[in-house]
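For this one, chain A is given, so just place chain B with the ligands on it according to the hints.
Each chain, written out:
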Amino acid sequence: MCLAAPGRVVAVDRERQMATVEYFGNEREVGVALVPEVQVGDFVMVHAGEAIEIVDAEEAEASLALWTELYGLDDAEGL
Amino acid sequence: MDWTTLKGFRDPERARAVVRGVRQELERADSRLGRKLRLMEVCGTHTVSFSRSGVRSVLSDLVELVSGPGCPVCVTDQRDIDAMIETARVPGVIVTTFGDMMRVPGSRTTLQQERTQGADVRVVYSALDALKVAEEKPEATVVFLGVGFETTAPGIAHAILEAQARGLGNFAVLSAHKYTPPAVRALLDGGDARLDGFVLPGHVSVVTGTDGWQFLAREYGLPGVVTGFDPLDLLAGVGELATLIADGRAEVRNAYPRTVQEHGNPHAQELIRRVFRPADAVWRGLGPIPASGMAIAGEFARYDASRRLDLDLPPTRVPPGCRCGDVLQGKVLPTGCKLFAVACTPERPIGPCMVSSEGSCAAYYQYEPEAVEAALAAARRGPARGGEARGAAGRPGEVA
Ligand code: SF4
Ligand code: SF4
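Which chain is which? The protein sequence lines are A and B, in order. Using my numbering, read the first sequence as starting at 241 and increasing by one per residue. Using my numbering, read the second sequence as starting at 1434 and increasing by one per residue.
The following block holds chain B by itself, in its conformation from the complex:
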């Protein structure tokens, strides 16, 4: 099974039939609402898959798919990024991280820049690999940068328990982990999201189960469908949402049953409960959300880098003009940012949404060539607009 693009369907006739079926349902839903459907994909990997597979553009006349706060790198608050970078500057510390974090701009530098200046920053594939580094370097303090949602957190919990079992005293985690449902709630409570339903994250839901999303239907009267990442999964998710909306049913459904269970993964939930405690967290774009963060429980304090290191953080600065915060709330598409493709590119990213492989801006830049063309053309047409964009990128950041 390798359907990287719609073209990759082995039988194009069948692919067309599926698309036709989904389009029919979308038409029914649109005519019931009297306007184009507006759905949010919560997950960053969905954002990328919708663009890369061509499903977004094939359906774009009938449904508006906006991305939400689904990329953990993108939603990490500037202050947390600064803390990670500052950690790398502490003598005797080895920072271990997923590769995506390396180029995320902090207020002043990036982890990558710190590394060129001599900091010991290592990209690892998993928290368990970070443990290996701790074993090999007993004289150093090895800090793993914990960024992720319910999908990543249990693995980190596993690593912390493993460190305890192996008696590794020189391992710690800087946890910026977050729970996704509170962010979706915050978006809806904010009131200006104007959404008709949710394409729910396939892999977060492996842990939370469809149970974790029932509140959408119960409390907000909105439908949601959990789905996977192949073109067929994406079409299934949108098609089923369209059917629910056309029939006027607010329900939460599972279009990814081969991987996601109703009650989620109880072992993963148990590990999260054991090692983390819900804590208030600040999200880029959404601001502070109560009980949306995962802090390391007191019992495991010795593995909590935020308690072990006493960091002195300089004031936070976010790059002027960057609209990541609005992109993450579905308020604007990446193309709504004046810097998109003009001053901000994957090679020279200004905001995290252009850095992360799951960031909306990066997804649009890579897989929506018309969007890039339009942005560049607009910049060429209006010297004021293009000039402003370039100027803003060249100026130092302002205090947020």
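The shape of chain A in the complex, shown without the other chains:
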């Protein structure tokens, strides 16, 4: 029930606070009241039919870089 999955926003309906999100090849309408600034192309974390946050792609890379540093991996690509 609590699983949340990231998906890519393909359309936003601001009036209804809904968006069409694609994940794993499927499209679904989800609520975007919690991420009013959402744009087409963003990645959002969807939980029980609501996008709960926009996932920061750059941050994701940054955390991988930190990992590289922390545990002496010379190159985090491919992880």
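It should be emphasised that the hints constitute simulated quantities derived from the structure, not laboratory data. Fair warning: there could be bad hints in the mix.
Derived, one-sided and incomplete: chain A residues facing chain B with beta-carbon distance under 8 Å [said to hold, decoys possible]:
1. Glu267
2. Gly271
3. Ala273
4. Leu274
5. Pro276
6. Val278
7. Gln279
8. Val280
9. Gly281
10. Gly289
11. Glu290
12. Ile292
13. Glu293
Ideal Cβ positions, reconstructed from N, Cα and C, are used throughout, including at glycine.
Only chain B with the ligands this time, still in chain A's reference frame:
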């Protein structure tokens, strides 16, 4: 990015390097404490991910990972489950729910059994989908069963506001929503948790932010690391906790910054504040915890099923022998329950921890084959033990 198992790392050499790094930090932490580290994963999805990815077993000689009150289905009190089932029996009511609730045993039946007996119970994907049912069935009262934490509550709030905007009078929510930090506090105040740190829930923290957990360090002197659900996230969380403990630092850190912000999601917090009020709530295993529940605010009373329906609840019964309450407090592992794998299985669950896809017992049953083997072997060895377990399952429940 699809790392379902450790084996799924594209480069096994790198995976090994990461594991080696985490193990090194765990060794440092263990030798500082002079014993094996004991960490709690608060979140049910973490429990499942640790088991499914193999991270739990890969690190098990150096760290004990116990699960906490992190599955919303599991922590729902028996009386609240009974209220949900009773709601389904009210004529003219359509109950809408997340699928996990269907098979949770109440004192007498389950929602699924009520459905076979004619109740209108529908599984929906979201509260917004429940609104659609209300629109299609204006003659019925559509009640959505609100079970969840900070992650789920804002979506429910969105649905209630949407119902108001659309003038839908036949929609209501039965709220069993809960705040997670008070449960963690209650555990620690209980005094017998014996924990060295917390693997903090990734998606609850999307809403609360790391801010929501600072009290761990400030008030209890314990470290906590927020993390996500991929094997790498899990390793990052444990590794960073080990580092903090090895260095003697009680801090709350974020190992999931691509999704979780320091202050959380302000829109989600605002929606929760608008639609809900903190109320006392009873947790399975933990008992009543002040201000840990989310009741629907007076302003939205017409959407509050607990006010609209006058339910007459029979006395509560919990299945004898079920140790869900202890499992949820980290007091025993699922394998510590005599019914585990012997009388209680996902096909014939006795307690909620075996029903929910995020329940600890279900996670161990599905992904820790040695644990299942050991439980079955023990039951075969001791006829008294096995017999007792089977007997207990066959007897009707006792009054709690
Ligand atoms: S609500 Fe989120 S954080 Fe909590 S158990 Fe579910 S997935 Fe984990
Ligand atoms: S194994 Fe079954 S009966 Fe035992 S604690 Fe888990 S859910 Fe309850």
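- Task: Output the numbers, in ascending order, of every earlier hint that fails for this structure.
- Result: 1, 6, 7, 8, 9
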